[in-house]
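Got chain A sorted already, so can you dock chains B, C, D, E, F and G with the ligands onto it with the hints?
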Amino acid sequence: MKSIILIAGSRLLVALFTVFAVYMLLRGHNQPGGGFIGGLLAAVGFVIYAIACGTEGARQALRFRPTDIAAVGLGMALFAGVMAAFFSDAFFTGQWLFINATPEDKGIPLSSVLIFDVGVFLVVFGSVLAIVFALEEEV
Amino acid sequence: MEPLLSILIGILVAGSVYLMLARNLMRFLFGLILLSNAANLSIFVSGRMTPGAPPLVPDGMDVPPEVVANALPQALVLTAIVIGFGLFAFALILAVRAYRSLGTLNTDEMRVAEPKEQG
Amino acid sequence: MNMFILNIALAVIWAALWGSPTLLMLGSGYVLGFLTLWFAAPVFGLQDSYFLRSWRIVRLILFFLYELVMSSIRVAWDVMTPNDNSTPAILDMPLDVTSDFEILLVTNLISLTPGTLSLDVSDDRKTLTFHAMYADDPQAVIDDLKNGMERLVREVFE
Amino acid sequence: MIEIVIGVLLLIGSFFALVAAIGIFRLPDVLMRMHASTKAGTLGSSLILIGAAVYFAEGVTTTRVVATIVFLMLTAPIAAHMLGRAAARNYKKGTKTTD
Amino acid sequence: MTPETFLDGAILVSFVLIALSLAIAFLRLTLGPTLADRVVALDMMTTLIIAVCGAVAVQTAVTAFLDVAIVLALVGFLATVALARYAERRDPLDEAHADD
Amino acid sequence: MSWYLSLPLILPFTTAIICYLLRDRPVGAWISVIGSALGLVAAITLMALVLENGVVAGQMGTWPAPFGITLVADLLSAVMVLITAITALAVAIYALSDVDARHGQLGYHALFQVLIAGVTGAFLTGDLFNLYVWFEVMLIASFGLLILNGGKEQIDGGVKYVALNLVSTILFLTGIGLLYGQTGTLNFADLALKVDDVENKALLTVIAMMFMVAFSVKAAAFPLFFWLPAAYHTPSFSVSAVFAGLLTKVGVYALMRTFTLVFDHDVGYTHTILLWVACFTMVTGVLGAAAQSDFRKILSFHIISQIGYMILGLAIYTPLAIVGAVFYLVHHIIVKANLFLIAGISERLTGGSDVFKIGGLYRASPFLAVLFLIPAFSLAGFPPLSGFWAKYIIVKASLDEGLWVVAFISLAVGLMTIYSMTKIWAEAFWKDHPKGFEPTLSTLPGRRALLVPVVGLALLTMVIGLMPEPFVIFAERSAEQLLDPTEYITAVLGADAVPAAEITEVAP
Amino acid sequence: MSDTIVQFLDDRAYYVASSSSSHGWVTPAGIIPVIIAGALFLWLLQALPAIGNGETLRFVWSWVPSLGVNVSFVIDGLSLMFGLLITGIGALVMLYSAKYLAGHKQQARFSLMLTSFMLAMLGVVMADNLLALFVFWELTTITSYLLIGFNHDSAKSRRSALQALLVTGIGGLALLAAAILIGNVAGTFELSEIRAMDNVLVQSALYLPILILVLLAAFTKSAQMPFHFWLPNAMAAPTPVSAYLHSATMVKAGIYLMARTHSSLSGTDIWLWTLTIAGAATMVFASVIALRQTDLKQALAYTTLMALGALTLLLANDGGYAITAAVTFLMVHSFYKAALFLVVGILDHQTGTRETTKLFGLGRAMPLTAAAAALAGLSMAGIPPFLGFMAKELSYAGSLEVGSSPVLVAGAFLAASALMFAIAGIVGFRPFFSKAGTPMQGIKEAKWPMLLGPVILALLGTFFGLFPAVLAAYLVNPTVAAILGVTGEAKTLQLWAGFNLPLVLSLLTFVIGYLIYAFATPLRAFLVRLGDRSPSFDRGWDKLLAGVLSGAKWQTRVIQTGQLRFYIMVTFITTLVALAGTMVMRPSVILPVDLSSIGVTDWLVFGLVLLGTVLTIVTQSRITAIVGLGTVGIGIALIFVLYSAPDVAITQLLVETLVVVLFATAALRLPALGAEPLKTRWFDAVVAGGMGVTVTLILLMVTTGPIDRSLTDFFEASSYPDAFGQNIVNVILVDFRALDTFGEIAVVLVAAIGIFALLRSKPGKDEA
Ligand code: NA
Ligand code: NA
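Protein chains in written order, with our numbering: chain A, 26 to 164; chain B, 4 to 122; chain C, 7 to 164; chain D, 187 to 285; chain E, 13 to 112; chain F, 5 to 512; chain G, -7 to 760.
So that you can see chain A by itself, here it is in the shape it has in the complex (with noise of 0.2 Å):
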C-alpha cells in the first residue's frame, strides 16, 4: 500500500511538525502548548511518516531507539527536579536565569521548568513512537 502522494507529503509534514511541536514546547508556559502537546505532535509527524514510508525507515530517520529517546527525557525531566539541590531548594523547585533582564521586561527566561518541559516532550514523544512502531511492526 505505498502512496507516493502520502511519501511526498510525509516528509513535508515531518518538518512542519517538528518545528510546530517544538514551538508549542517552548511557548507552553504561557500559551496553550507545552511539553505533552509538544511531543504528541512531533510524534504524529513521525507516525504519519512511519504510516507512509514504513517503520524502518521512520526507524532510520528517527536514529536513536525511540524508547531510548524517551528515557533520556524521564532523565531530563527528572534532573530538572533534581537540579534544585544545587541551589539548597526542594525537589522540583524551579531555577530560573533570565537573560538580558531589564527592569521592564524579565528577558529570555532559561529555567529548570524548561528542561522540565523539554524531558516530557521527550518522552511523550520517544513513547508514542515506541507504541505505534511496535504495533506496526506487529504481524
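It is possible that some hints are incorrect.
[As the list claims (entries may be wrong)] Cut-off 25 Å, straight-line C-alpha distance, at most; resulting in silico cross-link-like pairs (DSS-like, lysine-lysine):
#: 1; chain 1: G; residue 1: 148; chain 2: G; residue 2: 545
#: 2; chain 1: G; residue 1: 97; chain 2: G; residue 2: 439
#: 3; chain 1: F; residue 1: 427; chain 2: G; residue 2: 148
#: 4; chain 1: G; residue 1: 350; chain 2: G; residue 2: 439
#: 5; chain 1: G; residue 1: 535; chain 2: G; residue 2: 148
#: 6; chain 1: G; residue 1: 350; chain 2: G; residue 2: 427
#: 7; chain 1: G; residue 1: 545; chain 2: F; residue 2: 427
#: 8; chain 1: G; residue 1: 350; chain 2: G; residue 2: 436
#: 9; chain 1: F; residue 1: 361; chain 2: G; residue 2: 535
#: 10; chain 1: F; residue 1: 361; chain 2: G; residue 2: 148
#: 11; chain 1: G; residue 1: 545; chain 2: F; residue 2: 361
#: 12; chain 1: G; residue 1: 148; chain 2: F; residue 2: 439
#: 13; chain 1: F; residue 1: 427; chain 2: F; residue 2: 439
#: 14; chain 1: F; residue 1: 427; chain 2: G; residue 2: 535
#: 15; chain 1: F; residue 1: 439; chain 2: G; residue 2: 97
#: 16; chain 1: G; residue 1: 97; chain 2: G; residue 2: 148
#: 17; chain 1: A; residue 1: 27; chain 2: C; residue 2: 132
Note that these hints are calculated values from the structure, not bench results.
Relative to chain A, chains B, C, D, E, F and G with the ligands alone:
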C-alpha cells in the same frame, strides 16, 4: 452546563459499563475509553465550568484581570488523559497479543490461567 | 544548497510563529531549523529542482484559490439542486512532473479544484489516477488538467 | 465596520461547511461525497479562520491562521487521496470501470 | 443593527449552521454504508470542529482556540490516513460479513 | 527535610533510567541491586528522621501546602517505605539469578525499579491526586512486569489483571474529582480539615464509598479480588514476589490513610461495611487457597485472606486494632514475598509448581525446608514468629470490642491457613517426587542469589517474632498518629492550621 | 552465603558425611540431646527439696511488655513434677533413640526436633505467663507435627501429622482466645497472679466462654472425646516419639492445663460435668477399642487415651482423693506407659513386627526386655505392690467422693481398670511368656542404650510402689497443693488402706480383667465386627475435611470463575450497591438544578457525544465503533474548547487521534466484533443504566453545592509573579504540581516499554 454535563457523564458511564460487560475484548476497550472520558469530564465538571475564559494571564499583567476557568481541574484532567492514554495503549496491545496467543477475543474463552477444570 | 533554503524557510516560519522577526528569533530559528533538518535529514530525498520562483508561485496560488472557490460553488450548486447531472468516472492521466514535491503539489491542487479528486499515482510515477465528477469527455478533462494545474506547477519548478 | 466583514466571512464559511455536510449526505457514492468534503469543507473552515484572523488583526494570530489553512490544504487532499484510493478499489470491483 | 450585533448574530447563525452540518455529517457516519463513507464523515466533522474553534475564538476573543484549530488540522489528517489504510488493507472477501 | 523524602523516589527512578539505557548489557541487574541498596539506605535514613522528629513533611517545588504537592512521612509511611526498600533489595538480588538476559533486554530492571518508585511514592505522598499518579506508575509497571516475555498463561492472566485494575483506577480518579468538587482541595492534611466543614456529609459518605471500592480492588478485598488469583501465579517468581509483597498493601495503605485521616465522619457506617468486607475477605481467601494445588495459587489466595486481617484492623478502629493492622501489614510483606521467592526455588528444583506433582524438597535440603517453614508458619500465625503477634493483636482487638464472631472467623481462618501451609509442606517437601527424581540444592546454578534474600527475609521474620517489643511500640505510635491526625496536619500545614477542636478530638 | 554451608546443610552431602559412623550410636546427633535432657533433669532435681518445703521459684524476663507478655517461669509442685517427667523420661528416650535411629540419615533432624519438643514442653509446664504458655504450647504442636510426619515418605504419616496438627491446632487457637479473655478479665497474663485473685474468673461474665475455650484446648491436646481420634493415628511416628510425646508428655499438656487452671476455673457444675462426661466417655470408649487392636502400639495408644480420660475424670473434682489420685496416676502412667512403648519399640526393632498374633515366648531371648515389660505391666495392671495399685485405689476412693455421680464414675473406673489389666497382660506378658504360639527364632536382646529406658522406668514404678512416702513428700503433696491452691489436701499414698470399698473394687478388677485377658481373642473378633458398624471419628474427620474442601472448591468455582465478564459484572454491581446503597442509607437532597445557562452549542456537544456513544454501542462493525469513539472524543474536546480549556482540548484531540490510529492499526490484526448474545444483555443494561443514573445523581449533588476555589486562587495569583508563566495550566503541570507530571511521564514511558516488551516477547514455546 453542569447539569447537562452530569447527565452526559451518566450516559457515558452507562454506555461504557454496558460495553465493558460484553464478551468481546474489543468492546471492553471501547467501554474503557468511554469510561476514561467520563472520569475526566467528572473532574472537569467538579471544578465547575466557565465559558470563554481560559486560565491565561494576559501579557503585561500579573494576574488574570477577571474570572477565568478553574485551572487546577484542567491540569488534573490533562494529566489523567495522558495517563489514561498510556494505560489504554497497553490494554489495546495486550488485546492484540492475547488474540495472537490465545486465538480469541472472547473473554469467556480466555481460560488458560484459570482453566475450567480447576477447583 | 537545497538544505540551506529549507533551513532559512524554517527559520522564517519559526520567527513568524513567534510573531517577532527579530535577529534573535531568526537566529534561534535557524539553529532550531538546522537541528530539525539534521534530525530529519534522512527524510528528505535530496532532489535538486528546489528553486524558488516567486512570481510563478504567486500566479499558482492565485489560480489555485480561484479554482478552489469555483469548485466549491460548483459543489454547492450540485448539492443544492436536486437533479443528478454528473457523469463520474475514474480516469488516468500521464504525469510529467517527477519530484516528490511537484507530484504532491499537482495531486493536491487537482483535488482542491473543481470536479477532480486525485486517487493515486502509479509506482513508476508516470500515471495519475483521479476521479472526475463530470467526465462526459474524459480526454478533455485530462487535457484541461495537464495544461492548467500541472503546467503551472511544472513552471514553478523549472 | 470590520465586524461586518468578519460576520460575512463567518456566514459564508459556515454556509460552505453546511454545503459540504449536505454534500456528503446527498451525493450518491463515496468518491462524490469526497469531492464535497475536500473542497467545500476546507474552504468553509478556512473562511471562518480568516474571519478570526481579521477579528484579531495581529501578526501572530494571522501567522497561526495562515499556518492552519496551509496545513488544511496540504493535508485534506492527501487524506482524500488515501481514502479515495481505498474506496476506488471497491469501486472498480463493484459498479463500473472506466477505461 | 450595529456591526456588533450583526457579528453576534453572524456568530450565532454560524454555530447553528455548523451544528446542523455536524448533525448531517453524523448521519452519514451512522449510515455508512462503506467504511470510506464513515471516514469521510469523521474527517468532515474534524473540519467542522476547526470551524467551531474559529467561531468560538471570535465569540470569546480568545486566540487560544486557534491553537486548538491548528492542532486539529494536523491530527485530523492522521486519523483519516490511519482509517483509510485500514479500509484499504482489509481484504473485503475475508471480512465481508458483519464488519462494515 | 524534603530531600530525605524525595530521595527514596529519586533513587529508583535514576536506577530505572540507567538500567533501561544499559538494557543490552548484563550489568543492568547489578545496577538494580546497587540502586536498591542505596534506596534502602535512603529509607533507613528517612525512618531515623521520622523516629527522631515525628511526622516529616516536605513541599515539592517549595510551594506551600496545600498548593504544592506534599511528601509526608509519618511512622506508617516511613515503615512502608522501609519495608518496600527491603523487599526491593531482596528481589533485586534474587533477580540476579531469576531474571535472564532476555528479560533484562525487554526492560525488566527498569520496570521493577519504576514499580518500586511507584509504591514508594504512594506511601510518601500527602496529596490525593499525586497518590493516583503513583498508583498508575505502579500499575503500569506491574502490567509490564506481568506480561514480560510471557506465554499464554501470562497473557490470559494479564488481560484480567489489566481489565479489573483499570476499572478501579477510573473509579479512584472519579472519586478524586468528586471529592475535589466538594472540598476544593487535594492535600490530605487539608482534606482532613476541609472535610469537617463539608455541609453535605451524606454525599461525603457516598464519595467515601467510591474510594472504598476503588481501594478495595487494589487491596484485593472481597468481592473485588478476582484479578489477583487470575494473574499472580503467571509471571516470573521475582515479579510475583514483589507483587505479592507490595501491591495489595498499597491498597490497604490507601484505605488506612483515607479512612483514618479523611473519611472519619461516619465511622459507624463506613467502618462497619469494612468490617463485613474484612470478614468475607478472610474467609473467601482462605477457602480459595484450600481449593488450590499450585504453589503460587495457594499463596495468592492467602494474600487475599490476609488482606482481610489488615482491613479488619482498620474496621475495628480502636487503637489496638490499628496497631494490629500496621503490624500485619509489615509482617505480611516480608513473609509473603519470601514465600513466593521460595516457590521459585522450589520450581527450579522440582520442575513444577503443582504441589501434588512435585516433591522431595525436604529430603533434598533441610536448609530450604527450614527456610520455608519460617515464613509458612509465620503466615499461619504460629508463635514465636512475626505472624503470631499480628494475629494475636487483631484477635485481641476484636475480642476487646466483643466482636466474637469476628474473632472466631479470624481464628478459624488461621487454622485454614495452617492447613494450606502444611499442604505445601506435606506435598512439596515431605512427599517424595512422584517422578522419582531427587532435587539437589547444592548444585543449583545461581543458588547464592536465590538464597541470600530468602535467608535475609526469614531472619527478619524471626527477629520480629522473637523481639516484637520495638515493633509493637512502633505500631502503637503509628496507630496513635493515624487516629489523632493533629501531628500529621501540623507537620504539613503548620501549627496554625489545626483548629482547637481538632486537637482535642479523640478517636472513637 | 558460602557454598560449603549449603552443601553441609544439603541432606545428601550430610548423609555421606555421617554414614561413616552409622554403625555406632555415639554420634553428636545421638548424644547431645541426652546430655541436654540429663542436665535439665538434674537441675530440676536439685530444686526438689525446696519445692517439697512448699516454696515456689519464679523467673521473669520481660518480652513484649507493651502487650503484657513476659517470659516468666514458675516452679511449683505441679510444674516440677511435669518438668522431671519431661526431662527424665526425655533423657531416657533420647538415649534409646540414639541407638534406635543410629545411622538413619535424618537422625540429626530427629534429634533436633525431639530436643526442641522437650524444651517447648518444659516451657509449657513452667510458663507462668499465659501467653508464654501458649507460645510453648504451639511449639509442641509444631514439633509434634514434624515428629509424627518423620517417616515423611509415607502418606499415612503425613495424614496423621496433619490430623494431629489441625485438631490440636483448633485447641491452640481456643487457648489463644482464652488467654486473651482471661487477660482482659484479670488484667494480667501471669497465672500465679490470677490464681491469687479469688474466683476472679469464675465470677466473671466471661467465665463460660473462657471455660469452653480452655477445655477445648485441653481436650484436643489430651485427646478427649470427641477429639481423641488423632492420637492413635499419631502412632505413625517412630516409637520413641510415641513413647515420649504421645503417652508420657505432650498429650498430658491438656491435663496440665486443666490442673493449672483448676483452682481458677473449677468448682462449678459445668466444670464438673463437662470433665466427668468427657473423661468417662473417653475412658470407656478407649478401653473397648484398645481391646480390638492387634498392633501392640495401637493397643497402648488406646490405653493412653483411657488414661487421659481417667485423668480428666479425676480432675473434674476438687476432692483430695481425686486430685491425689490424678497426680499419682499421672506419674505412674508415665512410667509404665513410656516403658511399655519402648519395649514395643524394642520388639519392633529386633523382630520387625508389633503384631500380638506373631509375638510369643520371647522371654528367653530377651530377658531384660521381658523383665522391664513385666514390671511395667504389673504396675499398669494395678497389682500390689506397684505404684499402679495405689493409683487405682486412690482413683476408686476419689470416684466414690465425686460430686457428680459416684456410681457412674466408679463403674467407669472399674470397667476401664479391668480392661487395663487385660491389656497389660497382652502387652507386658504375652509376647514374652505366653506359650500360645511359637516364638520367633534368632531374636537377640537389644543393646543397653535401648534397654536402659524401659528398665529404669519399670524399676521406678516398682520402687515408688515400695516407698511411696518419698514420692508423696517431694512431689505428690506439692503438686496437689499447686492444683488445688491449698495445702494439706493430699491424701496418703499407701499400699494398705484397710479393707474398704476401693479394695473390693480392686479385687473385682482383677477378676474381670483376667477373664477379658483369657477370652481376648473371641472378644476382639466380636468388637471388630461391632466396630465396623459403629461410626468412626477418624472417617468422620476425613468427611469433615473433604466437606470443607469441597465447600472451598465450590466457593472458588462460584467466585473465581475465570470469566472476565463475571469479574467485571461483580465489580460494577459492588460499586453500584456501594454507591446507590449509601445514597439510600445516607440520603441527601439535590439542590435546584439550573438549566437556564444551557446554550445551543451545549446541546450540540451533548448530541454529538450521545450519538457517538450510541453508535459505538449498537454497531456490529469495529470501525464504526472506532469512528463513534472518535466522535465522542471530538465532542468532549469541544466541551473543553467551549469551557475554556484549550490545553486540555488539544491534548484530548491528540490523544483521541492516537487512540483511533492505534485502534485502526490493531483492528488490522483482529477479528470482526461479531454479535453479543442479546439474551443476557438486558441485565448488563440494567447494571449499566443503574451506574449511569447513580453517577449523574452524585455529580448533580456535587456541582449544585458550593465550591472552594482557594487552591486555584493561589495558582492564579502566583503563576506569573512567582512561577513566570502565563499559562496557568502549564505552570501547574510543570511547576506547582511537577511531581504529578513526572509520575505521569513515567507512566507513559513504562507503557511504551511494556508494550514493546509485549510485542517483542518471544512468540514462546506455548504459542500456536
Ligand atoms: Na476529619
Ligand atoms: Na479528623
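Here is how each hint holds up against the structure:
1. Taking the CA atoms of residue 148(G) and residue 545(G), the gap is near 24 Å; set against the 25 Å cutoff, the hint holds.
2. Note on residue 97(G) and residue 439(G): the hinted pairing holds, with a Cα-Cα distance of about 20 Å set against a maximum of 25 Å.
3. The hinted pair formed by residue 427(F) and residue 148(G) meets the criterion: a straight-line CA distance of about 14 Å does not exceed 25 Å.
4. Proposed proximity of residue 350(G) and residue 439(G) is supported: the alpha carbons are some 22 Å apart, at most 25 Å.
5. For the hint pairing residue 535(G) with residue 148(G), the CA-to-CA distance comes to about 16 Å; that is within 25 Å, so the pair holds.
6. Using a Cα cut-off of 25 Å, the hinted pair residue 350(G) and residue 427(G) holds, with the two alpha carbons roughly 12 Å apart.
7. The straight-line distance between the Cα atoms of residue 545(G) and residue 427(F) is roughly 15 Å, inside the 25 Å bound, and the hint therefore holds.
8. With a CA separation close to 16 Å, the supplied pair residue 350(G) and residue 436(G) stays within the 25 Å bound.
9. Between residue 361(F) and residue 535(G) the alpha-carbon distance is near 24 Å, which keeps this suggested pair within the 25 Å criterion.
10. For the hint pairing residue 361(F) with residue 148(G), the CA-to-CA distance comes to about 18 Å; that is within 25 Å, so the pair holds.
11. The straight-line distance between the Cα atoms of residue 545(G) and residue 361(F) is roughly 19 Å, inside the 25 Å bound, and the hint therefore holds.
12. Restraint check: the Cα-Cα separation between residue 148(G) and residue 439(F) comes to about 20 Å, which is no more than 25 Å; the hinted pair holds.
13. The suggested pairing of residue 427(F) with residue 439(F) holds, with an alpha-carbon distance near 19 Å, which does not exceed 25 Å.
14. Simply put, residue 427(F) and residue 535(G) have alpha-carbon atoms about 17 Å apart, close enough for the 25 Å limit, and the pair holds.
15. At most 25 Å may separate the alpha-carbon atoms for a hinted pair to count; residue 439(F) and residue 97(G) meet this at roughly 22 Å.
16. Taking the CA atoms of residue 97(G) and residue 148(G), the gap is near 20 Å; set against the 25 Å cutoff, the hint holds.
17. At most 25 Å may separate the alpha-carbon atoms for a hinted pair to count; residue 27(A) and residue 132(C) meet this at roughly 15 Å.
Checked against the numbered hints given earlier, this structure breaks none of them.
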